[in-house]
Structure formats: structure tokens, C-alpha cells
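Asks: Residue-level listing of the chains:
2 protein chains.
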Amino acid sequence: MNNDTIYNEIASTQEVSLGVHGGTNPMGKGLDARLNKVDQVVAWMGERIDMRFYAPGARVPSVRQLAERLDVSRFTIVHAYDKLVAAGVLASRAGSGFYVASSVGEKIIAAPKADALNEQANVNALDTTWLMRHIFSDVAEDRSPGSGLLPKSWLENERVGVAARAVVRLCDEHIYDYGNVQGYAPLREQMVVQLHKIGMAARPEHMVTTQGVSAAIDLVARYFLRPGDAVLVDDPSWFWLYGSLRAQGLRVIGVPRDPDGPDIEVMTRIMQHDKPKLYVTNSVLHNPTSWGVTPARAYQVLRLMDEHDAYVLEDDIYGDFHAGAAKGAPALRYAALDQFKRVFYIAGFAKSLAADLRVAVLCCPAEHIQGITGRKMLCNMVSPELNERIVHRLLADGQHRRHLERLRQRIANAHARLRENLPKIGLVYPPLTQDGLFIWLDTGVDTNALAIAAMNDGWLIAPGGLFSPNQGVSTFMRLNVARTSSEFLAWLKIYLSEIEPK
Amino acid sequence: MNNDTIYNEIASTQEVSLGVHGGTNPMGKGLDARLNKVDQVVAWMGERIDMRFYAPGARVPSVRQLAERLDVSRFTIVHAYDKLVAAGVLASRAGSGFYVASSVGEKIIAAPKADALNEQANVNALDTTWLMRHIFSDVAEDRSPGSGLLPKSWLENERVGVAARAVVRLCDEHIYDYGNVQGYAPLREQMVVQLHKIGMAARPEHMVTTQGVSAAIDLVARYFLRPGDAVLVDDPSWFWLYGSLRAQGLRVIGVPRDPDGPDIEVMTRIMQHDKPKLYVTNSVLHNPTSWGVTPARAYQVLRLMDEHDAYVLEDDIYGDFHAGAAKGAPALRYAALDQFKRVFYIAGFAKSLAADLRVAVLCCPAEHIQGITGRKMLCNMVSPELNERIVHRLLADGQHRRHLERLRQRIANAHARLRENLPKIGLVYPPLTQDGLFIWLDTGVDTNALAIAAMNDGWLIAPGGLFSPNQGVSTFMRLNVARTSSEFLAWLKIYLSEIEPK
Chain A
1 MNNDTIYNEI ASTQEVSLGV HGGTNPMGKG LDARLNKVDQ VVAWMGERID
51 MRFYAPGARV PSVRQLAERL DVSRFTIVHA YDKLVAAGVL ASRAGSGFYV
101 ASSVGEKIIA APKADALNEQ ANVNALDTTW LMRHIFSDVA EDRSPGSGLL
151 PKSWLENERV GVAARAVVRL CDEHIYDYGN VQGYAPLREQ MVVQLHKIGM
201 AARPEHMVTT QGVSAAIDLV ARYFLRPGDA VLVDDPSWFW LYGSLRAQGL
251 RVIGVPRDPD GPDIEVMTRI MQHDKPKLYV TNSVLHNPTS WGVTPARAYQ
301 VLRLMDEHDA YVLEDDIYGD FHAGAAKGAP ALRYAALDQF KRVFYIAGFA
351 KSLAADLRVA VLCCPAEHIQ GITGRKMLCN MVSPELNERI VHRLLADGQH
401 RRHLERLRQR IANAHARLRE NLPKIGLVYP PLTQDGLFIW LDTGVDTNAL
451 AIAAMNDGWL IAPGGLFSPN QGVSTFMRLN VARTSSEFLA WLKIYLSEIE
501 PK
Chain B
1 MNNDTIYNEI ASTQEVSLGV HGGTNPMGKG LDARLNKVDQ VVAWMGERID
51 MRFYAPGARV PSVRQLAERL DVSRFTIVHA YDKLVAAGVL ASRAGSGFYV
101 ASSVGEKIIA APKADALNEQ ANVNALDTTW LMRHIFSDVA EDRSPGSGLL
151 PKSWLENERV GVAARAVVRL CDEHIYDYGN VQGYAPLREQ MVVQLHKIGM
201 AARPEHMVTT QGVSAAIDLV ARYFLRPGDA VLVDDPSWFW LYGSLRAQGL
251 RVIGVPRDPD GPDIEVMTRI MQHDKPKLYV TNSVLHNPTS WGVTPARAYQ
301 VLRLMDEHDA YVLEDDIYGD FHAGAAKGAP ALRYAALDQF KRVFYIAGFA
351 KSLAADLRVA VLCCPAEHIQ GITGRKMLCN MVSPELNERI VHRLLADGQH
401 RRHLERLRQR IANAHARLRE NLPKIGLVYP PLTQDGLFIW LDTGVDTNAL
451 AIAAMNDGWL IAPGGLFSPN QGVSTFMRLN VARTSSEFLA WLKIYLSEIE
501 PK
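Chains A and B, in that order, give the protein sequences. Here UniProt numbering is used: the first residue of the first sequence is 1, the next is one more, and so on. Here UniProt numbering is used: the first residue of the second sequence is 1, the next is one more, and so on.
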């Protein structure tokens, strides 16, 4: 991953914090050396307000604190704060200090940074981008328990290079032409085999490839929904969903998710009242909770969909991590129950193979494949066959099952460690969690504040508020079990001991 | 490219025609052998009506003609036509034969083929998909003068394999993680060099990569426009644009394009009346005409954009084929005039490097890069760095300029051949054409009918009507100079001699 462009600004913010902790002068390092010191502080603060490190109405560090932290004179900070007050970004309250102006909200100082996004997109999308930007920034792997990927070292596998080399050796076959609009046929045929193992009778001619799971969700939503339409998601669920669906002008409605599945009573009311045409969900190892769905709930969901002429969009990107019936409940998928009548099913490979390949396979109900394919063509024509061929080789390879088994074992071990260690810092390992990539941990404190404190100390965490459609304050956070080190738990222990429970 | 899925149906249609010409019984070959003969004819006709070989209101072959053509009994055809009349697909007129019911339009017989598309998308998108489907079907290279790509043999270049192998050798560096949201930084830096050569001062931090030019257009349109908004395009222009923009719910308005550029008077009226925020165009070697834009016109366009707070979205995918000032006018690009104030500029590599890579680079005005990046993240997260690294290597390679020069020379030779040979079949080589991939040829006859006749004889051509926002009948067609063989010209000569001019 490259440290450049707008992510420089985030990275530089991190450098500043880390630099301070390391005792070096951060100003000449993280920020643009051509700016004078006052403007550097203005930019530093502007970035943090933009990133919501300091939310509207929040108090910012005192002059003395910030001068010490940034290793500049108080005079510099006073001038910088003056400028920020004059610009309407900070407000000064006599005897109490400086606060982020509550009207400032999305106002950006370090122009031209986010003006366009704020003007253009709906404001709700901004909170999502907070974490998104950090996820795509340069926080080190062992500093990012909030990440959504396994550590590289867990995935590294010589098979990937072997497959890629084999595909490019034959690239003359395909690279000069557009591939099939529905995707590389042998990959779709291989998916029939894969899906058969988990109980689905899928057909290659009802599949279409997309540039990752996100593009599949975007595509199905664009196909079914128009601005103003309602769309149903789990609460909590993957934060990207809220930003993406809202950017389409959709009304995103959350249905509470418990360890058995979505709350059917609430869902029934929403279906009757808001008439969503689509319910986007993970049934297996749901993000962020690693919960599943019971057969009874799944059946009720499908009945509701049928009754209201709506569809489930089942994102199964974590499914590879489920060991079947090995631990607790077997993985239950909507598509396996319903066999693609009311279910669109997405298989993705970013989590278990390699994120950069950007390939997902979307399986559609027969009557929608033509429409979905046409829509894909009108969105971005075709996907690169090169990448699909690599995925195909990896799936078709006899070693694939062993690779997944190894990953599952390591993930299970990580869960065991957390189950043992969380009580030691006064936290409860969530009892109904299955062995997925995440646990959904109640910290008892405001995790937005926790995230900011963590970021200041160089940790990337995923505060629970991001995973809810209304993105308020939450005491939960999503922990990536494979990236939660004892160092982080030690940090967390100190943080929790110093802060008052909420 | 693979012959499967829905394209089977198209391919099978072609097989039928070709099979007839080859004297074999097509019925057991192209169509589903499990259907009885009557249903096979019903499906055969249904497909052609769906594909608009036979448009609403058009007369279909007589019973005798079709019986001969498909090598089945007249009895079979009579029964099939009866079924089609009963289904409301055909209408019989006493003494005159059978016609496609004018109400049938998008009605599909061979369900579930296109029902969903018709129900879902706006009907206008369908005409676009007509050609799109064929382009992604299996028509042989030397049978497709309507194609938008150079022949594979012109592009084949060992450098591509070398670059791809070099990139995958190092794939451990990047393949397990998501790349930079704005795209692989060295590629963006290389683009600064490339664009500098054509007069643009671009900055890597103002660029974002997309999955090909189509995804860049989709992205900018989604960023700027809301359903119901107007968007300006050239008339004629790339047919995909109409379908794609309309699928977003936009009002697509065409401004007539002549060899000097868009008609400024018409454009002024449209800007005042419909207030489009975006004008999507090719300035260099415009598709389908291979015309450019004069400095005076370009200046007026930019003034208009400024005045109405609108933007040019300049798709420069054909720019690599322009030899600078070698032939006629130098290539004038909006972005070179305006330096990214009112211009979004897209560089694509499908035409001059390799279509399957699916990489484009979008250069944005500084104040929009943040918004565009955020929007890309909410559409489909990140693009595969793998593909961007391959493009980077190819561009950075010292052989790249030589490769382009070779292509230009071959294209220029193809133009010279057409300039010589078109008059021999009674057609005029369009005088103001520059040496691009296409010529925009006036045939003097209805090119929709020409396209159908051509398809029946196994040729894929691109009728002019597709390139107009209202997609009516046109006497023009777009010819790919690199794929227009003397065999096709011979076929065209016969066709034109047998048909009455319109």
C-alpha cells in the first residue's frame, strides 16, 4: 500500500502523534515544510476536525497541551487558534477553552480536501469514510485491530504466485480482448462445484462477476432500487453499506440483529411500512458480530421476502471461515434454503485468498440474470478476465481446501486466546460468537472516544457506532481476532482503567 | 472470449444463418435440440425480434422463405407463426404476410431472457445493448468491421507478457492487501509524464484510477448528477453513453458535432435551457467520426462551461492514435487548454495496450478529487493494483512510443486503403477524417436494415442510428478501419447494388 495523496494527510497525522511519542519534532516531518508553523498547526487541527477526531462541539486541547504535544511554542498555538476562530472553525468560550464550532461540521480548512464530498454527497456518508480512509491508510498490520483483513502473513501462500504466473504465461489468449460480460466461464463453472458443497444448486449462466463484493452490492442496489426507496440492512452491519447505499439516495433502514438472526417482528413492521425491495445481509459469520442465522429465522425471513416481493442480497464473504458443523451451529445460508428464488448470493475472495484481486461472483435468480448483466454492461462493461482466471486457478487447485482449513485453525486459536485474555482486562468474550474474523465486544465505554485515543497512540480500531445506520455513540467495537495483539489488550486495559465507564 | 450463457443465444442465431449458407441443417445445431421443431422456430424468431433483427412493424420472411432458409417444412413454419400470432408477437395481414406486432416492442418470447431488463431499466437502454451484446459475442475479428477494438494481431506485443510476468513475480508485495484508493502511485506519477507531453500539467494527487473508461464516466456522472438532471453528449457519439447515462435516470441531450467540434449555437441554447452540469465528449479522434475540435470551438465550449458552472468530461481513449501534427490539425484537448479547472480528463489503455486490463486514469479538478475519491470508495472500494502495475510497466517502458508509432502507421495505411477503395464501390471517404480507429461513412441506405442483412451473412457492423441519442434510422455507419476487409467491401458493394437508396 502506498503512502501518498490524500492519505498522506492521514498518515502524516499519525506520524505527528507517533513522532511526539518518540520525542522528535513532528512539525518538519508530517506536515508540509513549506508552511509556516502557525499554518502547520491550522492544517493539523483542520485535518483532525475533518476526520472527526474532534467532532463539532468537542473541546480541543488547551494551548499549553497542544504546544507540548506538537513541540512548538504556545505563541504559535495561540496564533493558530486565532486563525481558526476567525475562520469560524473553532469557538472560544471564556474560561473554558476552545471548542469545534458546532456549525462547522463538515467545513474543511485544509482546502481543497473534502469540500466536494461534503457539498455533493449526503453528509451521512462522511462517517463511513472516516474508517474507510483509515483502513486504506498506512497503519501497520499489528497496530490495526479494527481492520477487516487477515494479516498478510496468514494469507501468504506460494500458490497465489504460482496461479498468477500460470495465468500471465497464457495472457496472449485473453488480454487483448474484452472478456465475457458475465465473467470467465470456467470460474463460474468452478463456483457451481464450490456452491454445491454448501448446498446450493447454482448455474454458471445465472452468475455474473463483479469487481469485488462491494461492486456486486452496488450493482444489485442500482438494478432494484431508485432514489428514495427503502433498503433493509442488519443493525449492526458493515459500515460501508450505509455510505454506499445512502450515496445512491436510498433510505437505509436497520433491523436489529441478534445471535439468531434479524428481529422478525421489527422486520415484519418495516416490510409492511417501508416496503424495502432488498435486504442486504451476511448470514454466515456476520460482520461485525460473527453470528449466524437459525433455520427458523431464515425461514421466516424468506417467507417475508416472498410475501412482499422482496429479495435477500446475501454477502457470503466470511463463509470460507466457517468450519461447517465443527463448532456449534452449522452455517446456514439463505441461498441454500431458497435456491436462488428470493436470494442473490455473492461469493467473494478478498478475505480468504487475496484482497487485491477484486473478484466476486454474484449468483442471481434466473429471471434477473439478464437484467443484472445488462446493468453491469451499462455500469462498467466487463471485469478483467486476468483476475478471474487467477481466482479460478486458486479455487480449482486441490490445495485450496487445506489452505482454508489452516486459516480456520489459526482463527479458532485467536478466538481461544481472546476467550482467555479478555476477562483478564475486565471484558467479556461475547458468548455466542462463532469462529469468524471478528468479535463484537462491549467495552462499557464510548468507543468513538476510544477510537480517537487509540488513533492518537497509533492504533486503528473500529468503533461500534460506525456499524449502526444512525452511527451514534456505542460501547461496542469490532475486533479483528487475528490482529488483536497482547500489546493492544495491554493498551486497552490502561485506557479502560483511566476512563470512567459510560 | 467464451461462447456461453446468454451469448449462446446470439451465437446460435449466427450459427443458424451461417449454417444455412453452408448448406447444413441449422436446427439441430444452433437451437435447443430438446425443443420440437415448431418451438425451435418460435424461439428463433423470438430471439430475432428481441435483438431487433426484426423491428416492431417490420415484415418477417414469408412461410415459404423461412421454410427454405431453416430447412424445415412449411407446415412447421405455419404452426410456429400461428403460435406467435396467438402470443401477440406477430400480426398477420391478409394477402400481405406476417409483421412484428408494433406493440410487442420489447416483449420477449424466449423467456426469461430480457424480461428483467425491460421491466427494470428504461427501454431506451435496450438499443444500446443490441450492439453491446454483439460486440461481446463471438463474431470473428475479420467479420466485425463494427467493432471498437483493433485486431488482436495488431496489439500483440511480447512487452505485455513481459510486463505481466514481471508484476506477478512480485505479487507478494501487493496482492494480499487493498491498494491505494486513488490507484497505484507510480502509475499516476507516470501519467504526469505522459500528460506533460500533450500539454497538461497534471498532478498524481488529483488522479484516481477506475475499472476502464466506462467506470470513470459512470463515476463522474454519479458524483455530479441526480436522476432527472440533464447531461450533454455529442450527436453522434459512443452508443454506450446513452444507455449508461439513461440507466442513471439522466436526460441525455445531444449537441450536433461537426468536423470542427460541437455546434456552439445549439450548445448555448441547451446550456441555458436544460442546465446540464456535464458534457461528455472525445476531443481527439472522436468516436464514431475520428474528428477533432478546433481551438476556437474548444475555447467557446470552455467559456460556456465556465459561465454555467458545468464541466467537460473528456474521454481521450483514442488520443494515443493521433500522431500529433503529422496529419492535418494537431490534437487539441480541452484539458490542455484549461488545465483541469473545468475539465475531467480520462486516459484509457484498452485501445492501444490491452482491453482486458480494465484500467483508466481519471484526472480531476483539484476541488473535486476528494469527492470523486470518496465516491469511488462508496461504489466499489478500490481497483486491483495488479492491473495498474502492469499498465504502469508498459507505459514506463522505453518501447511504448515505438509501439504507438507502429500502430499509427498501420492505421494510416488502413485509411489510405479505404480512401482508395471506397470510391470503387460508390462511396465517399469522409474528407475531414483524421487517422483514428474509425470512419463515419454515409452509405446512402438505412444502416439498421444493412446491419440486419450483414448479421445474417455473419458480419457485425455498427449502424449509425445507435450513435445518436434518439437512435433512429441513419444512413451512416461506423467502420473500424483496421477490420474493414476487402471481403466486407465486396459484400457491401453487392448489398448496395441490390437495395434501393433511401
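Please note that a few of the clues may not be correct.
Stated by the list, open to error - Covered stretches of chain A (chain B as the covering partner; in silico rule of three or more C-beta atoms under 8 Å from a C-beta of chain B):
no., stretch
1, 155 to 166
2, 175 to 188
3, 382 to 396
Since the hints were derived computationally from the structure, they do not count as laboratory data. For each residue, glycine too, the CB sits at the ideal point set by N, CA and C.
Asks: A separate judgement is required for each hint: does it hold in the structure or not?
Replies: Tested hints:
Only when three residues or more bring their CB closer than 8 Å to a CB of chain B does the claim for the stretch 155 to 166 of chain A stand; here the count is 6, and the claim holds. Coverage of a stretch by a chain is defined here by at least three residues with a beta carbon nearer than 8 Å to that chain's beta carbons; for the stretch 175 to 188 of chain A and chain B the count is 10, and the condition holds. Counting residues of the stretch 382 to 396 of chain A whose beta-carbon sits less than 8 Å from any beta-carbon of chain B gives 6, enough to reach three: the coverage restraint holds.
In summary, the structure agrees with every hint in the numbered list given earlier.
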